[in-house]
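> If you want the building blocks of each chain, they are given just below.
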Amino acid sequence: MTATAITRAAAITRAALAGTVTLEVARYLPGEDERPYFQSYDVPYHADWVVLDALNYLKDEVDSTLSYRWSCRMGVCGSCGAMVNDVPVLTCAAFLRDYLPGPIRIEPLANFPVERDLVIVLDDFMEKLSTIKPWIIRETEQPLDQGEYLQTPAQLDDFKQFSMCINCMLCYAACPVYQNDEEFLGPAVLALAQRYNHDSRDEGNTERNDVAWLDDGVWDCTFVGECSAVCPKGVDPAGAIQQAKLESTLGWYRSFLTPFGRR
Amino acid sequence: MATRTRTPTPYPRHRSRKWFLTRWPYQLFMLRELSSVFLAAYMVLLLVLVTQVHNGQHAVRNFENTLKSPGLLIFTSVALIFALLHTITWFQAVPKALPLRRGENKVPPGLLIGAHYVAMLALSAIILIIVLV
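Top to bottom, those sequences are chains A and B. The first sequence runs 1 to 263 under my numbering. The second sequence runs 1 to 133 under my numbering.
Honestly, the hints are just simulated from the structure, not real lab data. Keep in mind the model is a prediction, meaning the values are calculated, not measured. No false leads were slipped in.
The calculated lysine to any residue pairs, modelled on SDA-like cross-linking and capped at a C-alpha distance of 25 Å, are: (1) A:LYS233 x B:ARG101; (2) B:LYS18 x A:GLN179; (3) A:LYS245 x A:GLU207.
Please model the complete structure; the sequences and the hints are all you need to start from.
In structure tokens form, the structure reads like this:
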């Protein structure tokens, strides 16, 4: 047993004996608070509780004014993202036991304006998402009697990873480029552009790349890579953006060689 | 009863010039970026060496003695560490940027990274042979 494992086991035992763990939750009520502040709460410790369980306990039993988003509790809806000890996570997938001995600091997702407490304003993300047209674009639809659009496993594999995105915006909270340049389209949007561009059924590359291949698109990314590290669904936005940079460069050369052809 | 006036303004997004100090992955990224400064400075040193080669054997010997000074020894050691950091982190990133396929299957990331190390060693060997022969 390593020293770290022993320390962790001791912290879990202490919390189990004490029966509580301390949460420091960011609070902000617009119009009343000048800036966010932290409020401490002791919540019961259960080894199988996630941070969202602790927040729900606070809301139900201690302080009903606490505001935060959540829905599915199973890492699918992407609503419950928050900063836990400075790292963006889905609170439904972040176990209290992994943050012992505490206190556990919970803040709204970084790099977004705060609507109230842990609720962020996500308008910027939603607007950017629509600019890359995240749906399959066809020039002409195949007649129904020709059946479905078929794909080989390799064609599916080409984009499937990027289609796992649940729009939770953890990648935006982890991205220092987005923090310092709000014009940047951001990791999830660019990964989704790649998802549709690489779909063999799609014919909308040109429309998307008019947005994604600009300075505020893929070329703003400096490849910090934390977007991929924090993604709860194993999407690799950093990889998607680097691939798009390569495609953008090849497209630029191709536009010289075939000035009247398709990019 | 007097009503309270509230302006429901969201608290604006926070920017920080010290963002890279907050977490180790960001610090590692900044070190990788910083490595380019040391690599560029080392390139200047190499260009000076080429100039000295042009100026003759005596000039080269003088330059070699300068390179042995404690300051430049420290600089070249630090530049070597940064060059290794840059190489390792960039080669690790290759499979992300260049996911190659062979038929239906993806080329394993380890193979792509390994191929880059082999290419680097081969090129280094060629340069070494040119310099020594």
